[in-house]
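As they're listed, the protein sequences go chains A and B.
For the first sequence, numbering that gives the first Met the number 0 begins at 0 and goes up steadily by one.
For the second sequence, numbering that gives the first Met the number 0 begins at 0 and goes up steadily by one.
What you were told as hints is all true, and nothing was included just to trick you.
Distance windows between CB atoms, simulated:
no.: 1; chain 1: A; residue 1: P271; chain 2: B; residue 2: Q5; range: 38 to 44 Å
no.: 2; chain 1: B; residue 1: D558; chain 2: A; residue 2: D53; range: 34 to 40 Å
no.: 3; chain 1: B; residue 1: K609; chain 2: A; residue 2: A117; range: 32 to 38 Å
no.: 4; chain 1: B; residue 1: I12; chain 2: A; residue 2: G173; range: 52 to 58 Å
no.: 5; chain 1: B; residue 1: K613; chain 2: A; residue 2: L19; range: 53 to 59 Å
no.: 6; chain 1: B; residue 1: P306; chain 2: A; residue 2: L57; range: 31 to 37 Å
no.: 7; chain 1: A; residue 1: A24; chain 2: B; residue 2: P306; range: 42 to 48 Å
no.: 8; chain 1: B; residue 1: D397; chain 2: A; residue 2: I365; range: 42 to 48 Å
no.: 9; chain 1: A; residue 1: D53; chain 2: B; residue 2: N162; range: 49 to 55 Å
Keep in mind that the hints were calculated from the coordinates and are not lab data.
As the structure is a prediction and not an experimental result, all values here were calculated from the model.
C-beta: ideal position from N, C-alpha, C; glycine also.
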Amino acid sequence: MIVRGKHARFRQGVLGLGLLSPALALFGVFVAWPAAMAFQISLYDWTGFSPRADYVGLGHFRAMFGEMATSWVVPFLFALGLALAVGMLLGRGRPVDRVNPRLVRRISPKWAWVPTLAVLMGWLVWWLYWTTDGDDFFRHCVRNNFRLMFVGGIFQFILAFLFAAGLSLPKFRGSKFYRTMIFFPAFISAVGVAILWQRVYDVRYGLLNEAIRGVAETVSQAVSYVHPVALSIAPIEWLGGDNMFNSIILAGIWSGVGSQMILLIAAIQRIPPTYYEAARVDGAGERHVFFNITIPMIREVILITLTLWMIGALKVFGLVQAMSITHDEKSSVVSVRQYELAFSNRDNIYQMGYATSMAVVLLVLIIVFALGLRLLRSDDELEF
Amino acid sequence: MRFFHQLVAVVVITLVGVLAWDLSQRRITYGDKELIIYAGMFGPGEPVQLLYSGPPPGLAPREPFGPAAAAHYAALIQAWPDYAEQVRSSYQAVYRRPLKLDEPTAETTSAPGGDGSAAATQGAAESDESLAARYRQLDPAYIRQLVEALGEQDETNRLKLFNAFADLHPQYDKRMIQVFQDLHPAYTIGLFEDFERRFPQYEVVERWDGRWVLSANRPRFLTGADVPDLIAGSLLELRILYQENLALPLDQPIPDAETPIWREKGIMYGPSLDDPGAMLKDTFHPWALQASRYTVSQADANQNNHPFPAGTEIQYLWPDIVHSNVIFYNRAHFRQIGRDPDDFPETVAQFEQICEQLRAAGIEPIAQDGMTYMEMWWGDLVNRTLGYDTYVATCGGDLPRFAGPQGDPRYLACAQRLRGWRQRGFWMDGFSASKWPGAQRDFGTGRCTFLFTGTWLPAEISNTRSYDPQVFDPSCFIFPAVVGGEGNPRQISCNAQGHAITRQGENPEGAALLLSYLSAYGAEIASSRLNYISAQKNVAFPESVRALGPILDAAGPGDIITGGLQSLFPRFFKFVLGETFSKFFVHRSDELSPEGFVERLEHKAQMHYKRYGKGT
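So that you can see chain B by itself, here it is in the shape it has in the complex:
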């Protein structure tokens, strides 16, 4: 028995010790700082995570220029000749070899067209001169620190140098990170690091929970403990938070808020961080704001005790970027078949004609994976043929139906058209057995001409695509019109992605400040580095999707689809549409004819209404 008591004592003491250690961590790690708990939807090492957090601990570069950036050493020596000897000896000390400034630099040789030719060398020389001019403008006190850091291998130099740089060069204010990174090619600075420099009273606690960020945080929402202040996702993904009233409305008064403007009007009516004269909501594109609104449903009002009446449109999402579903195409292939690369198809008939031309030229027209984004072909063809409202009415349980006595024959016509595309070999060979990112790979390497996907594509293929314009020269267009169709040919999908401020979070003011910072100071760098369409008005469109700018700017409220059917009827989308598409589009066995497809859609829809009710 004595042994048993001793065993119990050891277990209890260990558990109490672990608990005490865990509780003390917060105080030891963060001191008296106010915490902002951030739940990100990407995983460690992904571009967005690096953009926000900077390099992960242990992988931070240990030297500002690195061994390959000879142009930067040269420019520094040229701008500050007094330090020439120190720079050379620092290089020697760190890299154990002498600094050779006359060798072609890594930047020169790897630049597009940089083949060591005289022109390339000349270009490098010019860029060295301008680089030297930029170093010359820096504060001498900072240059002293930089030169010392060149002789050290110290991971902590990165933030030390950045903070000193920012303190001594306030003139770069809005583009501080970009300017610093241009001048220190080995270093990357995360947006959160810059935020903590500007607002030292705050500490951002990051959790990168991956795509399933909501599920990862579900126990926290349920228990109310340790709930993140901010959670990242798209309007669609974060929908459950709006339904269950777990997010703060951004454009509605918040009665118990401490900030007066929040109490009176709402968070979005506060001042912009970089321009206190402007309201936050005025810094966003109108279409981005529209794509961030959620309409309270009857079920929310009845079952979830939602504070707002059914039908109210509320902005819960703070948009950072906006994605549209577009058809990307390879301009190089258009040139190969003798077509003007900017003359993209405006009707579905023209699209079919181009596909035939491509087939004749031995090019596979459409890159496609087995199931990913397959349903978009059907959805957009139906939208253009029957009109979005008709399609919504059918899916919601009203007339017309997919098939049967009250069926609209145009649904069958759309199915027949798509089956015809497959029979004519428009989709790439073996697409039904291809898995993401197979289609992206084949599109980005110039094997297929079209790819229907979201505007996130350029960011996703940036490391795998060909940069030879003879092979791959991408642009995009929205789904073409159907001649004689009732659908709005200007209609474009607009899906906002950003953050929601949680109702249970302990620091909504800090969360809103961080989001204001990301909008004011992070939007440009995010857009340029990741090729995303920014929700901010003053940020340019990325080159590969520039064609969408005028379309979005000219779009009226009826031209924009936000979220689509997946947002309106998520269960119907998954259980009826999704599960029938896979049988019709993908399986090679052709187990469903077009007639069978619409009949099955109708049958499954009726079963669905019976189980879940209409409009679910």
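In isolation and in its complexed conformation, chain A is listed as follows:
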């Protein structure tokens, strides 16, 4: 629609704003305002039962990250990151192609985020792995979230991608059946998944240990003598000590791989076959086709699946809460810790302010990682 005249444009602007206002109001009431309130609450010591709250400023963040991490290091690093960002923005636009100086490639402004994000990530890694300052339990929780995000994410993505690539092959028979089977766990709630895997992992009567014992006994019988080692295999404590979080990650992968696979399959199937036909006519092999057509064409979807996994891994709650035996620092995550501190009747702690400051940190982490992933998006939008 072509709009002529100032008055008409103004009217259209008002209409647009009016139509947007319900969504904006909902966003404001349910997202922006609670986020702002969360930051406010994080500055107080508060049980949440009565209006009385004691102002502690950044005390909770100081307790979380330690005195040194929050005294001069953070302002210094932020300043450094900002300086680098400004430098990059000012310097963008210089010729970068020496062969053809007339070809000027401008650096996208989004890369100005890189120094800030890099500095932040560097500080975070330093705090996570090289300091003992601050809340040690919280540090372990963040580490566990990261472990889930990176270790679980890599395995899950590779599996999802393999499934998606395999099930998208035109000659694959029974594709719908396998797709449904792999996607099925996504229908089960996190607590359902946890209960199911508890049964599998149970140290005394679990499916996994029974299977291992059965195999050991069968092997012993097959070789016609009872191998002393085979029969003395101690039950593996899948949910004990150091194994616990890895077992939780495995259950998380099982329940999440189907969703990623479906997104990737949908993306792969959207690629017009003419691209593949043209490439094959030009003599491209399967490997070239995969890396030069398939992956670039579904890049946006890959980034979306990774972003969704990243957010899910940082916010994970139900699976860990229901599966963990001890909720100790080896098997807890930030959301579970928050819940214990803010809501647990049994512990009777009710540190609403401190738990909310953890939520603020979680929000910042999610924003940082989401921005980091956005950097990987292509500047050129592919339309097909």
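Model the placement of chain B on the given structure of chain A, informed by the hints.
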């Protein structure tokens, strides 16, 4: 723009309509009745919820006897032969098959030892005769209603019949529900239903918010809107309400109360519901009252503007039941190793000896889950070795310390002893990876001999335990003494569970009346059905924890620990003790030696005092 205005109008009208409908619900649903808002700490379908509320809507039985209760049909026919034909035809009409009274009944075949033998049949015949005698004593007008109801499939009959039964048989007053349920095997009556019958001016609005009842109601406390009149929980769980002065004190005068006795002395000084000559507080066991008191802390007085000075002991909790932490044991295993089943260990050394005997007999001694209740072994061993007051002093920040120059070596000795237990295989295989209720399952099915937990255990395992006394024959004892230890060997934990009346609730009088009713009329049925130790004096101890009765009755004030460290120093308990236990007791990697354990305890304690201060 017109479309936009129309859209806004539709949204506004819808919102106003929803609001008006919501506001009208209260009047439509409850009429002019006074509401008592009850917040329960269990979930829908749990035994306590069924005990209080009765069967949930839609699942209420539709017929008083059910198809399997042939003995009750037979007894009714025997007692009232005039109705025989009507009973038979009603049965035929409802179940589409003739009533066969000579078949062995479901009760007979499922009774313990009921294997269809002549003895069992004889027993059933005798019980049929006594049942008939009981039906014979009922009012003819009621029998007429009952016989009519047998021919109907109507869920509303349950309450109609109960109300008629109660009106016509006042002689069963205190045991009304039990008598009615005995005679109508398909029906369950909730205590709230009986309360509403007795006090028709009240309506109990139930909210079953589960274990996190406090968190679920936190926004209500914060805003002061729709606050429950009553909230269920243990003394420990409801502590925040006392700290923040959100609960009514029960044993202190309430100046602005309408009831004179409340103004003058306090709620607990009012009359008992079933015996107006007795004061409410006199109907409770003294140890139950002691376990319901909260001591106002300095922080409460300074920061929370608490109306009572620091150090005052106030009863905020109306106790229903009391739990103790005890070691349950399987008497069947004692018999297997040639030991007198009632000869439980009185010292820790004897306990260790029995564990060794059990190991030798191929029985796993202690059922244990990874973390649940693990800390109790450490806590009670330390209590018996050093004494509770010493342990409290250490945790509170005073001397002696766990380790270091001012450390008491007995802490290390306790840690070494417990590590020795694990190395000798006293705890069940793979316990560190076992999750609740794994240990209960293995204990109740006769795989392990001991289980250290609370006296709620019999209720929790009632559906999963073995009822074969050769397999599982439970009893209990308190943590044994340590020879040469300074701790009080008679000391026993006592944790009251009940209700608090909220200060912001709109109907404290109704709430107190409901609690009086639950104490007077509900205690016996709660104890018998759930196997809980009642706070009421006149209710017998459940069989599986009967051994505790004399111990509790003989206990002096210094013998009872109420709440323990978790109540005194909740943050220390969680951040220092809890988080260090998991590293020492559970992890198989043995990352902490006993020396490392006490040193870490001390280190974490010092960090804790630095952040939160001593005594938190």
